[in-house]
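Okay, here's what each chain looks like letter by letter:
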Amino acid sequence: MPKRATRKKSKAVPKVRIKKAPVKKAKPKAQVPRVGVFVCQCGSAIASVIDVNELTSYVKTLPNVAYAMQMDYPCGRQGQDEIIAAIKDNKLDRVVVAGCSPRLYEPTFQRCVSQAELNPWLFEMANIREFASYCHKNTPKEATEKAKDIVRMAVSKASLLEPLKPIELPITKKVMVIGGGIAGINAALDLADMGFKTYVVEKTETIGGYMALLDKTFPTLDCSICIEGPKMVDVGRHPNIEIISYADILKVDGNVGNFKVKIRKNPRYVIAGNCTGCGECKDACPIEYPNYADMYLGVRQAISVPYGQAVPLIYTINKDYCIECYKCVDACGARQAINFDQKPEEIEVDVGAIIVSVGYDMYNPKDLPWTGYGKFDNVFTALEFERLILAAGPTGGKVVRASDGQKPHSIAFIQCVGSRDINHYEYCSSFCCMYTLKHSVMLKEKYRDAIDVYVFYNDMRSNFKGYEEFYNRAIKSGVKFIRTKLENRKVIEEPETKNLTVHGETEEGKPVSANVEMVVLANAAIPQQTAPELAKILNIPLGKDGFFTECQPKIRPTDTDTPGIFLAGACQGLKDIPYSVAQGSAAAAEAAAVLRKDSWIVEPLVAQVNDDLCSGCRICESACGYHAINVEKVGDKELARVAEGLCRGCGICSSACPMDAIKMPNYSDGQIVAQVKAVLEKSVKA
Amino acid sequence: MPLKTIKKDTAEALTLEWVLHVKDYKLILDKNRCVGCQICSLACPKEAIKTEKQPKIAGEKARKAKVDVDLSKCNFCGICDILCPFGAVKVTIDGKHVLSVVEKESFPQLIRDIQVDASKCPAGCVECEDACPLDLIKVAWLRPDGRNVENLNLLTETEKAALKAKVDVQKDYCPCCRVCEIKCPEGVMHVRKFLYGKAAILEEKCPEGCRDCLDVCPIEGALYFSEDDRKVHVNEMFCVYCGACKLVCPVEDALELKRTQINHTLVRSGAWNKALERLASPIEMTKELKTKGSSRARESVKKRVGLRGD
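Protein chains in written order, with our numbering: chain E, 1 to 686; chain B, 1 to 310.
The set of hints was computed from the structure by calculation and includes no laboratory data.
Any given hint could be a false lead.
Said to hold, decoys possible - Distance condition first, Cα-Cα at most 30 Å in a straight line; then the derived DSSO-like pairs of lysine-lysine:
no., chain 1, residue 1, chain 2, residue 2
1, B, LYS50, E, LYS319
2, E, LYS366, B, LYS8
3, B, LYS183, B, LYS231
Same shape as in the complex, but just chain B (with noise of 0.2 Å):
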């Protein structure tokens, strides 16, 4: 008999359901913290996942592009779980946040490098809470004895010399894009990018005054729009080369977005190469199998002749 299968879509939520008498399978993306980036739709395996750009109305910001992911396509694999820079996708078995692709080891997960040395901390400070473009920090003030602040305006001098920062930030959120690395004052923050491009926006076909691509990226301050040429500018400090820009830019090729290499565990897996052939290139797939080669075979040499080092 047929398989019975749910799909909801609502305003906060797209939900994907495989109900199975032992097993119940959901993809859940949400709206909230999606942007409507390419890198899930470029990461699914079953090409289930489409981008839809939604249409200008006049007068208007311009809305990021659509997520739909397709039921019969969909294999509830995780994949765009695991990439989402955002983390908007969560895949579950029975409730549970399993993703049997990890567990096997057959799809590498994105190393979100972020340190955090909250013992530089100056007292009061929460440029990194504000700076972030996705509200992911949340800094906080213990005093000696572990109990939390409420208002730093009432302590002496030598209370706030005393007290301890924490800095939370919600890892599987963040896409990595280094706002709060540079925003902060005292080096506290260490973010390294997972992903590595090349953004460029070509002056000569960028129409003038048009801010399409500023209106959707979700990192404040990737891309500036210039009152001196009225037209919108890349700076690739934050850019998280995720796409959501590409999606909506009015004109073909004004905006040039490339690729080049992920921060990823290391995993051999033929899916993850696929993934990355289509989300930067076939050379760079060819490049980082040439690098893992050399590196296995580095290996095999070290293990065999008991040499140290690289």
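With the rest of the complex left out, here is chain E (with noise of 0.2 Å):
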């Protein structure tokens, strides 16, 4: 019942018609429902398969239709207003309208039924688009036959609706942002100046994320760490801000207005209040393992920060590698803020909303073996790159080969490494383009006419504001760059030199190559790692390609299908720094317009549970996917309570139950029996 499934999903009915559209009492039972039915044309996408003419004088033939019309467009404000007029010039009581899907405009006509007085939920719509004008394009007799079918079961069902009542839900008035990257940052910075008390949660040491590890930023070339290391200081400094850093999310319970999040914070086995940051016990410590942030290129203290601009600046004692000699303790000294004893802490957070701004991870080429990554010492990846270039990276800025450490006199940027490949990812990574040419640029700039660099790529996407003048100042600045296929693509490695061949082929088949003595890759972004696991948690889906999936790719891409939770940042599909914070406020936006309601309300299609009818059997608690049906106490006898805010009307608990104690209102077996007759009754007849 993909209809019954889309239903729940809709967003919730707009406040507006509440209070406009006090509920009004349905007509005695005996009397004969008066339906309206607004069949309509869709400009031409129904209209020229469907004969319209023939499908309206159809419909007023069928029982209980008082009332049909053909219309261009009912979903536009003519449409509309003729259906309010129609309804009270008519004395109509159920409105079926045979369009499109419920999923696009079922809230505009429920808000315009309210608008004339009538009870939103005896509302019934038929999709003649999808699933007639549209899948049947050649066949239009059969598809109109099929369009009467559809119109006849929503009448039917029509005549059966009962007015509802919305639910409403309390909102908690605080927000959670999981993941402290850019576009976490700037969602967190938005909502505490609104004046909602925020929290970020980081599961790494500091926020920061990939931003925080770049050397510039392209096209401006402007030091990345410079300006965002003011914004995550102001996230770490913010009144109604709390940063629950080193942090992993356990579980979410709860709805829109109102989860409950359990998190586990991490042992640092230092006393977070008590650490001043001052890095003595760095100095004191004698053990040192490599670095993540410098992609392992580089070291630091079993004792440490990943980096000076850490935020919380809290050291952390890595366990895998301290040997516990205390000599940091002795350093802390009177600060007292080493505690070895430590143990991970959980802590549960009431929230009303929730972004999930989670980023992304990178591909490791060494699956590649064209590349020659992880077998030729002068094969880098491109955030190697970056930490190389990088004036506070492991080499203090040097672009140094590994091999014997010396400057490379010429450098081979191989770009769509994983990416745009169907084996491996076939999407873009969309920002590696721009990477590159800012990586070229900088080392023109810098080396100048003592470097070649070479750009091996298929496409040089380029597309936004700025990017394009960056590539032409790239090609002005003695850039080479190589078009290749993608296929037959590979580096070899002469022995003795540690000097590396890049070879690929031109559109034409033509061989090209280029003698480098380092190459750089510019290896597929991915999915976050733990995006899975978050995404079982949180309940939302995953794409194909492993990425969050937004509600609507085109008009609601911070949403997820989910009431109160959002998406910001690459996690929902790869973007470059200035579209993650761009997505990081549009989604403190949404999340905004859901803490300042006083409350949330809910469509009323949820389980309802006859108390005298059920056992408490808890056949419907192991069916419910959404933990929403629960058997409790109530007084002496143990009945199933639905919590409403959690119930997405899906009607399992309702199949399952053996004492047919529950029902989904407006999906009622009557209303679904009347359906189905319906629809049976004409090829009985045929």
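Two independent chains are provided; combine them into the complex using the hints.
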């Protein structure tokens, strides 16, 4: 029942309707319903296939139909005015619109009927566009017949619809941002500035994400940490923001307005309140280990921060490497910030809305033997190169080879490594072209003629503000662009000198190559490793590419299907910094729209338990996929109780119940049977 | 991107490596020097080192236990290097044998107290050189002008009397078993052990005719086989309490080995306390902490009151 499934997902009915349309008492059952049917032509989307005239005249012959008309665009302002007038003029008490999918326009029409002072749940939609005109273009006659069936079903159900009352839920005026990269930072700052208490939950020791690891940003060549750092500090200092770093999300219960999030704070073995960030412990520590923030090119102490600008500036002991000599304890002295007995701590936080901004991960090109990554010393990934050219990086900004520590005189950048490859990641990683341009411009402007820079690319994607101009700047600075096919590329090492040759093939099949001393791969950016687990915890879907799925890709890019959970940044789809920033703010605005409400209105299409019939057998409990129905002690009886905010109205409990004790409003047995009868009626006749 | 690591295991050496762009960490276990004892595996703070008993082939001598280092656990701290009585482990950073745990005084070093008074050496005597079970001693004879003497037999007695002895001990690899000291006829060598303890073989449990422990013991004379009861006995005079024997003994509890004290430089270190606890016992560790505590107390009293002496 797709219709049923989509219904629950449509956004809750706006408040306006509730105020203006006090729920009307249903007419006594004995009275014959007066159904009005409005057949949409949808420009030519419906009318070009379905004979709308014939359909409308047919509809008029159906039982209980008091009024029927065909319209060009009932969804438009004029169309809605006509519907309102028709309802009033003809004293209609049920409305059917035969048009498109309820997913798009049901809320619009519900609002429309409530303006005509009719209960919004006395409305039914018949989808004759997706189900008839779109899919049966070449057989208009049969499509028209099918449309008749669909409308007949809708009318028979509509006749049995009952008025319902919306459910109001309270809203906790706090918000959680999961992932403290640049998107999450912006979302958090916006929300905190609006006055909402904001929790930023970060998996690693510091917020900042990938942007904090970059040297420069394109196309302006601004220092990355110089522009992100102040924002990180703002997050750390904002009175409305609480950073919960080095923490994992364990469980999320509840629903929009009332989420309960269980978080595990992992032990840093350093007491946050006592650590002043002075770093004396680090100087005393004898143990070093490879630093992830340096892409393992450099090291950090067993007690340290990943980089100096870390926020919060709290040191962390890595017990995988620490030998527990307690030199740090001596160094810390009277501050007494070190506690080797710290245990993981579980906390629970109540929030009204959640923004997911967990970012992305990088693909390990070791799986692509043609690149030579992991085998040849002088083949790097772009992020490794970023740490090499960064002045605060492990080499102090010197671009040097791994094999001999010498500055290379020639570098080749290879684009689309793992991305745009149906065997690995079919999508375009979106920012690699631009960061490669950035790297090549930086090299050319730093070393000029002392370095040859080659870019092996297939398509150069420089399609936003200032990007194409930046591409031109790269060309002018002397970077050599070599266009090749994505197939038949190979990197070969000369074992003596550890120099490399990059081979490729032009679109015409002509071989091209370049001898270089270093190769940098634009390896694919991939979904965050923890995304599947988080998706499960939040009960929100991932797309087939592994990124979180937005509610509607064009007009609701930051919403998820779950009200109150929003997406920002690269976890929704790869995007560069300005777009992540913008989406962070967009998600913040969406979340604020929820939080500023006094209460959240839920469609009343949730399971209803008949206490007289319920035996407390718990079958419904195990059937429910949303933990929305639970058997509880009520008085001296055990009865199933529905958490209205969690129930998605899917009806599984209703069909599983052996006592027939659970009713789904407006999807009652009677209504469904009526629909089935209506569709079979004609087949029997035929 | 993942860290580049290398692990190589040859007949000669086991090599572990972290290859970073700016630094190269290397651990080399010299299998010729390794005697397959317990020390490194007990000392390792990351439990990265495992000893594996080698299957015995019938009719052959027992083989020393195999030492293996887990690359995923090793942090190249160098504690195994510091504590190996036989100097079989070397940890280097960029090829240099500089241990940060020593530099930053976060771990003590063993004290190999070996005094050699070569002036007492009788001409031509090479007892110590012959006695050293690990071939670490070289005795050389020098003429008054410093030239080396190749063949003593060609010299006259007066010439011999004018010779000066030079005794070279490769201290870094010396487990301080004291064999040279005991064998020296003139008291030239003075060796203090750095590992003290208790070793005993329980006669009732020791299987008759078994020589496994003796086969692997690196110190000739620390264990001996008695034809009377056809069992192996311990000579604690020479035993260095390394535990190589314990690892190959086929009968549980037939061999009792306890380390009680380790001679080391004074350093305040939690890592050392833990290592001592594993190498000796919690009791020994507590004892040492108490002694350190009282010596520190004495020091502070000395400083404040200005008293001299103990």
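Violated hints - listed by number, lowest first: Those not satisfied: there are none.
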